[in-house]
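Undergrad: Using the sequences and the hints given, assemble the complete structure.
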Amino acid sequence: MLTPTKPTSQDATDDAILVVDNIVVRFETPEGPIVAVDDVSLKVKPGEFLSVIGPSGCGKSTLFNVVGGLLGHYNGKVSVAGETIAGPHQSIGMVFQEESTFPWRTVTDNVAFPLELTGMAKAQRIERARHFIALVGLDGFENRYPGELSGGMRQRVSLARTLASEPKILLMDEPFAALDEQTRLLLGDKVLQIQQQLKQTTLLITHNITEAVQMSDRIVVMTYRPGKVKRIVEIDLPRPRTSEIVGSEAFGRYVAQIWADLREEASRGMRDEEKHTLSHPKGGAS
Amino acid sequence: MTDAAAPRPAMRRTIPPQVVGLSSLVAFFLSMELLIQTGVINRFIVPPPSDIIGSFGRVIVEENVFGRFLLTLSECLIAGVLLTVVGVGGGVLMHRFKLLQQACETWVAAMASAPIVLMYPLFLVIFGRSMWTMIMMGFVAALPPVILKTLEGLSSTRKVLVNVGRSFNLTPSQQFWKILFPAALPTIFVGIRLGLIFALINIVGVEFLINFGGLGQLINELAERYDLPGTYAAICFVILVSILFFMTLEKIERWLRPFD
Amino acid sequence: MAETLRLKPAAVSAPAVSQVTVLRVVIILTLLASWELLARSGWLYRDVVPSLFAISRAIFDLLSHGEYYFHLAVTAGEIGTALLIGGLAGLAVGILLGANRYLAKAFEPYLYYLGPTPKIIFFPIMIMWFGVGPGSKIALGTLSCFFPVALSAAAGMRGIDKVLIRVGKSFRASTWQMVTKVYLPAMRHPIINGVRLGLGVALIGTLLAETKLSNKGIGFLIINAYSTFDMPRMYAMLIVLFVLSIGANALVGRLGGLDGIKRV
Chain A
3 MLTPTKPTSQ DATDDAILVV DNIVVRFETP EGPIVAVDDV SLKVKPGEFL
53 SVIGPSGCGK STLFNVVGGL LGHYNGKVSV AGETIAGPHQ SIGMVFQEES
103 TFPWRTVTDN VAFPLELTGM AKAQRIERAR HFIALVGLDG FENRYPGELS
153 GGMRQRVSLA RTLASEPKIL LMDEPFAALD EQTRLLLGDK VLQIQQQLKQ
203 TTLLITHNIT EAVQMSDRIV VMTYRPGKVK RIVEIDLPRP RTSEIVGSEA
253 FGRYVAQIWA DLREEASRGM RDEEKHTLSH PKGGAS
Chain B
3 MTDAAAPRPA MRRTIPPQVV GLSSLVAFFL SMELLIQTGV INRFIVPPPS
53 DIIGSFGRVI VEENVFGRFL LTLSECLIAG VLLTVVGVGG GVLMHRFKLL
103 QQACETWVAA MASAPIVLMY PLFLVIFGRS MWTMIMMGFV AALPPVILKT
153 LEGLSSTRKV LVNVGRSFNL TPSQQFWKIL FPAALPTIFV GIRLGLIFAL
203 INIVGVEFLI NFGGLGQLIN ELAERYDLPG TYAAICFVIL VSILFFMTLE
253 KIERWLRPFD
Chain C
6 MAETLRLKPA AVSAPAVSQV TVLRVVIILT LLASWELLAR SGWLYRDVVP
56 SLFAISRAIF DLLSHGEYYF HLAVTAGEIG TALLIGGLAG LAVGILLGAN
106 RYLAKAFEPY LYYLGPTPKI IFFPIMIMWF GVGPGSKIAL GTLSCFFPVA
156 LSAAAGMRGI DKVLIRVGKS FRASTWQMVT KVYLPAMRHP IINGVRLGLG
206 VALIGTLLAE TKLSNKGIGF LIINAYSTFD MPRMYAMLIV LFVLSIGANA
256 LVGRLGGLDG IKRV
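Chains as they are written, first to last, in our numbering: chain A, 3 to 288; chain B, 3 to 262; chain C, 6 to 269.
Keep in mind the hints are simulated off the structure, nothing from the lab.
This structure is a prediction, so every number in the text was calculated from the model and none was measured.
By construction, the Cβ of each residue, glycine as well, lies at the ideal position given by its N, Cα and C atoms.
All the pointers check out, no bait thrown in.
Calculated lysine-lysine pairs in the BS3-like style (CA-CA distance at most 25 Å, straight line):
{"hint": "1", "chain 1": "A", "residue 1": "K79", "chain 2": "A", "residue 2": "K170"}
{"hint": "2", "chain 1": "C", "residue 1": "K110", "chain 2": "B", "residue 2": "K253"}
{"hint": "3", "chain 1": "A", "residue 1": "K230", "chain 2": "A", "residue 2": "K79"}
{"hint": "4", "chain 1": "B", "residue 1": "K161", "chain 2": "B", "residue 2": "K180"}
{"hint": "5", "chain 1": "A", "residue 1": "K124", "chain 2": "A", "residue 2": "K170"}
{"hint": "6", "chain 1": "A", "residue 1": "K230", "chain 2": "A", "residue 2": "K277"}
{"hint": "7", "chain 1": "A", "residue 1": "K201", "chain 2": "A", "residue 2": "K47"}
{"hint": "8", "chain 1": "A", "residue 1": "K124", "chain 2": "C", "residue 2": "K186"}
{"hint": "9", "chain 1": "C", "residue 1": "K174", "chain 2": "A", "residue 2": "K170"}
{"hint": "10", "chain 1": "C", "residue 1": "K174", "chain 2": "A", "residue 2": "K79"}
{"hint": "11", "chain 1": "B", "residue 1": "K100", "chain 2": "B", "residue 2": "K161"}
{"hint": "12", "chain 1": "A", "residue 1": "K192", "chain 2": "A", "residue 2": "K47"}
{"hint": "13", "chain 1": "A", "residue 1": "K47", "chain 2": "A", "residue 2": "K232"}
{"hint": "14", "chain 1": "A", "residue 1": "K170", "chain 2": "A", "residue 2": "K201"}
{"hint": "15", "chain 1": "A", "residue 1": "K124", "chain 2": "C", "residue 2": "K174"}
A few chain C residues facing chain B, derived, Cβ under 10 Å:
{"hint": "16", "residue": "K110"}
{"hint": "17", "residue": "I130"}
{"hint": "18", "residue": "R201"}
{"hint": "19", "residue": "L208"}
{"hint": "20", "residue": "G224"}
{"hint": "21", "residue": "L243"}
TA: Take a look at the structure:
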């Protein structure tokens, strides 16, 4: 059982599996440079579930791309088990916010995709794929195409596909953002159950407070542009958890505490956006 | 707008791509000129670009290019009127009577993939050597896409707009004129534009093939006279006219629908 | 929800199918009857509207003579070669333009505006370059089908859902794996559509060139029927040609799996 009993925030350097070190990301835009991520450092321990939460525009998706190795230009470094990453790392498996299943592949072939890339024999990879399909609870849908599934089911296919690559670290960017609230809660349960079962180290990027508190051991709250670490909150709730925990009093306290932090940032973001829309009447809408 | 979609660090390239495109084109013509002048390419197969440019004026004056242009254009516009009336009308009719659509849409789609213009000898028999051969050929060959686009526009009207109309208790004719038709109009315009382009292509083609009428015939005549630079110049001229025609239609279409 | 959706078409379409079939039969019979009436009335010039009997006999004659198949093979060979050359060239150019925004901005406008111009008018040039034989017909077909294939491939490449590319990269796919397992499958619909359009215009280009100047091929047969004023034979050839081209087009779509895959 992976219950973090002691507050082990920043000093647990040695046993961290993922270290994000002083990351700074700047973008050039027509209106001048923007600092999207400003000096963010994180440490994720094996088996830990860490969430990064922040308002839109806090650079959390940028951070996701940096850790996933999909963004080339940044200062600072990301290391996995002591090894600095340069590009996508095999120990990190990404689940994307957008619909990302391959529409031309069946569920099985989608999940077997990472195994196919490594050259695993067909029979073997189908068997492995079926294992992970069952894990996300999609048995019976192996030969369906994504187009025949609901949004929540497709997102589970993406999850199974990433899990099939057996990453040391599961990196997720608002994987349930496009789903309705109930599906989101149930899917959260599923992810939590799988995470606890596999003792899967997980880094979740989200803007949803409930989701973050429900699943995390620790939550990193980020500020609105430039995105900095504002606070790290330990979530000391019993495990194994399910979505039922949402009703508990302790849960409510955590949500209130994080919302207090986030509210300030979110309203800053909102004001900024309004200002931007006023000064750029056309570009702001997108 | 997500952070991941943010642009990469400032683009290094300073030469605008349009300049590169245009200068490649110029470079191509210059090297052709060079290759032909030095005899690497036989000038009786490809005349030097300077000769082609030089014969532009001659062809325009001597061959009554302006009159031919007007002839081809008017054939095209008459075909366009027929296309709009029959094509859009047919599409509306098929949309109005669903059964008709179910029965005929596949046929229309099939005809869109058939080489209709190959019927030109038949049209020549029916309409004789007159501009109606060209007009009818352009019209018939371009009809299927106009019908299909009209149908597409009408059937892809968002359901919620139709429901809005219902909630205001619109009569069927109000429903059509106030909701369906305006919503489908952009797609119908696309259809008419496609139709006009198809009509132009087929009309010029048939003029060339049967050696009668406007711009198409000009090319045929110059080729039969072995006037090489003239033929090339005429081809360039027709290409330019089609491009201008295409661009004008795009402009008109954009002008007619300022929204979206 | 899904259940009701699946049930609906079955429940509605069962009676509708027969209604549609009835309407189709009625339309066809009406057309044929009025045609025959027109043919017998003698209102039009002789043989412009031949009787159905004459047309069917002409179709039978056409298909029962080996000569037709020789010409068909010639034309099919020309179109196939044109589609192969023009299609591959179009695909290569399209992928290049789709992959590189700078090149696309520099050169794609030319393709975009040259695409919808009449190609048959290049035939005199093609004759000078490639002679009066099949070469000039193949060249015209190639020129015709290059543009739609290139433009569709470029648009298809740009239209690939960016997240699918990120998925491939996150699993550290090699360049070759990216091409074969992500890019090409993701753009197969636009490519197949481009090939269908390309087939259509290659067919028209090749056949029109044959009607203009040749001594073999379907286009030659059609123009030959015209000059001997053998109208039933001309109708027969046009009907067979239309059936063949519609069939070929549908076949390309089917082979490309356009109906087999359900997209989101």
